[in-house]
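**Q** Protein chains in written order, with UniProt numbering: chain V, 1 to 986; chain U, 1 to 986.
Hints are computed from structural coordinates only; laboratory data are not their basis.
It is possible that part of the hints are untrue.
[Unchecked claim] With a straight-line Cα cutoff of 30 Å, these simulated DSS-like cross-link-like pairs (lysine-lysine) come out: (1) K940/U <-> K129/V; (2) K129/V <-> K340/U; (3) K329/V <-> K329/U; (4) K329/U <-> K325/V; (5) K325/U <-> K325/V; (6) K919/V <-> K417/V.
Protein chains: 2
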Amino acid sequence: MLQILHCLTCLLHHCDDCIFSTWCQNSLRVRKPHLLPFNIYSVVLPLTQKREQSCPATNTSMLNVHLVPHTHDDVGWLKTVDQYYYGDRNNIQHAGVQYILDSVIDQLQQDPARRFIYVETAFFYRWWKQQSQNTRRIVTQLVNEGRLEFINGGWCMSDEATTHYSAVIDQMTLGLQFLNETFGECGRPRVAWHIDPFGHAREHASIFAQMGYDGFFFGRLDYQDKARRMKTKEMEMLWRASESLTLPLADLFTGVLPNGYNPPEGFCWDQSCNDAPIRDDPDLEDYNVDEIVQRFLNAAFYKTNHIIMTMGSDFQYENANLWYKNMDKLIKYVNALQAKGSKVNVLYSTPSCYLQELNLANLTWPLKTDDFFPYADDAHDFWTGYFTSRPALKLYERLSNSRLQTCNQLEVLSGPKSTSGPFGEGDSDTMKRAMGVAQHHDAVSGTEKQHVAYDYARRLATGWAHCEVLVRNSLAVLSGSESPRVFCENLNISVCPLTESSQKFSMNVYNPLGRTVSWPVRLPVNGSLYSVTDTNGKAVNSQVGNYVCMSFKLICNIYDMKSSSLLPLLSVRWFHFSINNKSVLMYVFKFLKVTFDDTTGLLSSLTNLETNQTIRLTQNFYWYNASAGNNKESRQPSGAYIFRPNSSDPFVINKTAEIQIVTVSSTVQEVTQWFSPWVSQVVRLYEGHSELELEWTVGPVPIADGLGKEVITRLDTDIESSDYFYTDSNGREVLERRKDYRPTWDLKQTEPIAGNYYPINSRAYIKDDKHQLTVVTDRSQGASSIYNGSLEIMLHRRLLYDDFRGVGEPLSEPGEFFDGLVARGRLLLTLTPPNMAADVHRPLAQGMVLQPLLSFQDGTPLANTKLEFTGLQDALPPAVHLLTLSQWDKDSVLIRLEHQYQAEESKTHSQPVTVNLQKLFSTLEVLGASEMSLGANQWKEDMNRLQWNTAKASKPLLLSAKDPSPWEVTLNPMEIRTFLLQVRQL
Amino acid sequence: MLQILHCLTCLLHHCDDCIFSTWCQNSLRVRKPHLLPFNIYSVVLPLTQKREQSCPATNTSMLNVHLVPHTHDDVGWLKTVDQYYYGDRNNIQHAGVQYILDSVIDQLQQDPARRFIYVETAFFYRWWKQQSQNTRRIVTQLVNEGRLEFINGGWCMSDEATTHYSAVIDQMTLGLQFLNETFGECGRPRVAWHIDPFGHAREHASIFAQMGYDGFFFGRLDYQDKARRMKTKEMEMLWRASESLTLPLADLFTGVLPNGYNPPEGFCWDQSCNDAPIRDDPDLEDYNVDEIVQRFLNAAFYKTNHIIMTMGSDFQYENANLWYKNMDKLIKYVNALQAKGSKVNVLYSTPSCYLQELNLANLTWPLKTDDFFPYADDAHDFWTGYFTSRPALKLYERLSNSRLQTCNQLEVLSGPKSTSGPFGEGDSDTMKRAMGVAQHHDAVSGTEKQHVAYDYARRLATGWAHCEVLVRNSLAVLSGSESPRVFCENLNISVCPLTESSQKFSMNVYNPLGRTVSWPVRLPVNGSLYSVTDTNGKAVNSQVGNYVCMSFKLICNIYDMKSSSLLPLLSVRWFHFSINNKSVLMYVFKFLKVTFDDTTGLLSSLTNLETNQTIRLTQNFYWYNASAGNNKESRQPSGAYIFRPNSSDPFVINKTAEIQIVTVSSTVQEVTQWFSPWVSQVVRLYEGHSELELEWTVGPVPIADGLGKEVITRLDTDIESSDYFYTDSNGREVLERRKDYRPTWDLKQTEPIAGNYYPINSRAYIKDDKHQLTVVTDRSQGASSIYNGSLEIMLHRRLLYDDFRGVGEPLSEPGEFFDGLVARGRLLLTLTPPNMAADVHRPLAQGMVLQPLLSFQDGTPLANTKLEFTGLQDALPPAVHLLTLSQWDKDSVLIRLEHQYQAEESKTHSQPVTVNLQKLFSTLEVLGASEMSLGANQWKEDMNRLQWNTAKASKPLLLSAKDPSPWEVTLNPMEIRTFLLQVRQL
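Could you build all of it, start to finish, from the sequences and the hints given here?
**A** Written as structure tokens, this is what we have:
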């Protein structure tokens, strides 16, 4: 008996008949004035000054040097986020954020001229909750006066290469919501500040623009690009971050900071620095005021009469007095020279005050339309390894996002009992914070120390444990049954004690997507005498018994085999199975045909039976030999950050694959390919699906030969892709890539492989006039196209050396049972004509991101159990994605609706589409709705961003369709609209 | 023409006829109430609390744990004192005292329960002068409330092994005076605090007692002694620090701190520590309150219901928030357990509050009468090397003291024009501060880094440059002549451009002793046709021309010889001089006869012709081969601190000496002995002198053989000294030493040489019933007696390894011209019957400490020049030493009169002696006098020290003689009396 709760997403069969129902209410759509008392804006701040008024005075006839005191507080890296907060394990790195905030607040009070910016709300929030009322009052006053300014303000400073836009928007919202509730308008960050991430995604810029930021500053970009921009004075620009969104929605003023995020050389006065303090007591030795002042003046080499100087760095200001005392002296002595004719004016400032001055200058700025990947800080130092580093953490983070969205949705749909119900106290906040932290640029990026990676995973697990209670409560509410449920966490390795032992069990499936999906489920069971039925008792097309179990047991065999393979690695030791059949194999389904080469056992062709197109497709696994840092061009080894193969030619794992299991049934067809004891793959086709699934298993990567390995799979086709390929940006818009080329400068390519790698978060493709081969992936990875017609994706990495970027460890992840981590993942391949590709890969990728949640109950559900529930009145239109549905406060929910197609990419879907907000939910009455900025910290109608001029002629405005009525909201291609809905449970 | 200013101390002749004249005034002696407005006590502090009232409440039914927040701020060590103050060169060591005081003052304000102690006035004074009036007001309030308490309070925390009591008293006075003037009574330190010095001198304890301290805490003592005291609960005791002074004048309660001066293990919360902070947010990972509290309770193992915990260490509290925030939590959570029955009460406290509780306990304490030398922290780790380390710095410090006393005296004697006169602005303060800093336990001790040693020397030179102006002005005032004067700094290497070029010049001699001395002077001159006359034009018995010059030139030859000796060191390369005469040599003078062995060229006997006693005396030079830290007992090498020979048998430099120059004249007889290219000696007898002078020259110590060397000279005699020898304590009282023995515990000797070394500051001797051989030295050194009848003194050290005590450098001093430092010094030997020895060595040693100051003028003095001036009305009695004569403020001077004999050591002088204060000065009218504590920060009559009981029966009180009249003050043996005199220039 299967209990289908939200939508029956199917057990090993295609379930077109399972769709969302619709729900709506006819109450009027009410805008903000009618929406009080939403607690946003509920903090009343009578002393609030406008930012313009709170900025320090500058001198128009002088060069104004804006000193920006700041600290860069990684939300985990060498230490865990909690260790950083408390200052624990200072033997690893001296850093204690609690003390930084203590110290800065203390120092700010000592002189009203002093300013400070704070960035990471994950830390600020912890600190705030431990403060006395008096301290809170003082801090609020400092914020109101602009002396303490929040910048960026997300929960963390997210990675840009390996994050998915869904989680990025969530983590920004989490931080901004805290600031808004705590400080109101004065706490709203005006400037995005990604000073450390290792390359910059266009989608991030688009998100920041849509969140209402006036500008964006970062520190890292390709060294060639930087040199050029320094020369042509293009360090500051206007970034047009979307090819779809209406101008200037995704335009973002962007500045590259002059010294990364560090102070000018010789001016670092933190306790962690060794620069000479200003010694201004003439009675003591080494009086150095004159020398320091002169050195400072020599550093002022900018074109405008405003320059920004970041005065701070990693975890600085733990003892803020050192910084401020010396900066006070610097300002005093430099400005004292004005009386002698100096034209330099030094002042404490903030990025938003600096930005305001740039805006007032009313200049014309260069335009940027591509992105800032890949990042290289020297000729052989491409930061393209972290696109793939820690593949298991990257997958777990992605799955956790799916779980969090499910948790959020169920909290909304089932009301207060979800957080306090029959299974105890549950919450989504813990998971939100864990996901917020996981977006950090040393978290999902894979560039943290191993113990910190474990901590991130532990946090996600804890978050899910809290959500699990919420989900149990919610399912109890929605089903009317409080029978215990279990979630089988280890289905991917075919472990689920309940299903393996129970004679009779039922399964819940919750589909967090706003439309029907087909989703294969495999369960380990004991025996073959199971019958599978749906909620109506109707038999479900399924394959039960040895087969299902076998498919998992064999994967287990792979493990077994490896655990006993103590023979030298890289030697070949094959296990031959009698059922092996190495003849030409063809799989013909409704949609796809796949052929294998009978000599090599590799894939040989792919055919789309619907469009009747075939390509040659060979796929194999290779490894790049990681540089050990000992060659003459450079001492740079591959590491957690850096990808640097010591040759452009990867080693093939095996020229041939042993095909070991061939399964053919009415629901799924599988071929297992064995390439080596540590590389295998299951090739799968599902009934009714148009994608080819490649489930790869890589690891433990052998290193006993003393060679670090970066494992890729490469798809070689006869598609005439030339040097072009395409990668997504944070899972949304797709950017064109071209081998050995950058759109904005004349690239001198120095790393023919690493220098052509780009991050993919959800997909990559190659195409020619006729064919587009699209790969949808289950996590963020690095990808490239080195040869005409080929596409390669890096799957796993195991290295022997640290790469000198601070982490201090070689990236060599331990496994649970073996000496190295085994990673497994899926690539979904689709072959289409180019103009039909998006119609397939957009929903396919969203389905990969938001996966159904399975839960199990022993025995038959109780008699009164409600077996089906649908939260939506009807499935959303194909172009609309339900990005966010989350409880905001007692009476309101936050919803984000997204148009998931780019302009012009789909003949049918790249069009405006309208949704009626009142007709969304089946069990919630929508009493009112107000549109907000993407970050949900400002009413849409209050957004008033700074305007910037650009030299290049803008392309014609994409006119956006208007809303037909207050309740009916229209989404244009790639648009995300954010609403706060006042709701009542029906 | 010689101009004799103060007292003609003679040029190469005995000058009994040159004595002080007397001066006196008949004004009444006035005590304090009549002495206002002395600015001591001039700070009016209406809110002053008594210490008893300001101490934190304790709980008598509980164990009270006194947390003492403190910082230990070396006045120079790895960095210079200024670098430490500013936080410069943090790459060497992170330390910035300015920030420590900023931070502590800030943190103290945040909670009235918090307390802090501050120790080093050299730093506090610098900080104070940079503070605003508002900060000063806040600090004063904190001091008045006992929240900030000054402890120890000297300019530095002096070394105890290598300092002279004169300079120690001065540096303490300098610090205490500043505190008194700034904070009045509330700023008066009650507790002496020598937590770091490497062994403890009894004279220091005596000084502290006489300065009015209630108690003394230190951190380092012999590890065997500590283990025993821990076991027998004798960590706290009463130290009877003088065998001469009236009880309880030199009794000092003394406590050994439990953890050195560090916090208990695991409780170091400074930014420089890596201990886990208290993590008390249950929402974060690793909540550790319970574990920390339990660990803290386990550490409480003391016998009384009060224990002291030093919460701090070197340069800690630069970010005081880290400490206080965690200690606040510790106190909160430990004391919270009292509600559950815990009997532990933790509180912020200070050493004086802790001491007060101990005193209230009214216990009987063990008695200590010897000292705490030598200090060993493990079996092979005797800190006896620093007794000799940096011999040149040790000499320069001693000479600088002499110059400072001269500077001080002349400032008093010549009035305000001395500091602002014809030669510009001069002062004694710079030299006082330089000497204050030089007393630090990493300064004159020789345990600082090389660059810091240079800095100390530079400071002394700068101090002298300021004094030199003062002295020039003063001499101009006193002589009535403003003719320019030069001071020949390099007379010791026979360089003085004026005397070498001038046809006619005059010499001033200022004698800072309160009585006549005979003092040899040697000047390099050009030619032999000089006549020397005194102020009356009378010819002076002198030896002019080649002889005088030759004696220097030959020493220069030694240098020349060495600079060309590039042949392998330790090889023998002799320069033979034709005048060499290696027959038996005998020198018969009025007082002494010395014989040399005609085979070896070494000394063979010494005869006192007055007492008609002769001893066999052989003297030679040896070197101990320094451990390289590679033997099996221990990896401890010799270093700046540690002396560890790798064998008990030193290598002899040479069994024979080449006698190269024999000079016989009516004023001086000299023999130069050559032992090797880097060791030589001049043996000298002066007409009219009863001491034998051995002027040794050692260096550059060769290390090309890869062996560190610790060079000694050993005197071997037929005196039956058995295992006994005698060494002075800081230049005053003499302690009996016994080989392989400690008076207070059963010594297990593990280092037969290093474990028997003791510091000498002015003298050492061996004796039997008939003979006492006393050696007076010119600087602090290490000395021992390893064999019956022998006395050895370590002269110089050059080592190849750091000794792991933090300095991080091997002690290998560079020379100015050669690859290693050449050191030269003098030992003065006297042979007497034991009961007559003090009569000789006491004045001899004081003459070595306070040397005449020579200055020179070209040509003949102008006609009206006053050629003689005597500041005293008459010579002081032989037992009385003028220890201090220094300007205090505009109208008053500080004077210290010292009885320089111990009880019972001299038949004639170990008696009370009386001085009339009004009859001291020739040119000053003494209007009033008030007696003060030794530190000059309290009126003697106000001194009211805590009283302590001791178990052992006290020896009968030495009754002190009383003053016969208010103006006539009587000094008992070893007594120092300190007066503030109100004076008027006549």
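**Q** Work down the list of hints and note, for each, if the structure agrees.
**A** Evaluation of the provided hints:
{"no.": "1", "hint": "K940/U <-> K129/V", "result": "violated, 56 Å"}
{"no.": "2", "hint": "K129/V <-> K340/U", "result": "holds, 28 Å"}
{"no.": "3", "hint": "K329/V <-> K329/U", "result": "violated, 35 Å"}
{"no.": "4", "hint": "K329/U <-> K325/V", "result": "holds, 29 Å"}
{"no.": "5", "hint": "K325/U <-> K325/V", "result": "holds, 22 Å"}
{"no.": "6", "hint": "K919/V <-> K417/V", "result": "holds, 24 Å"}
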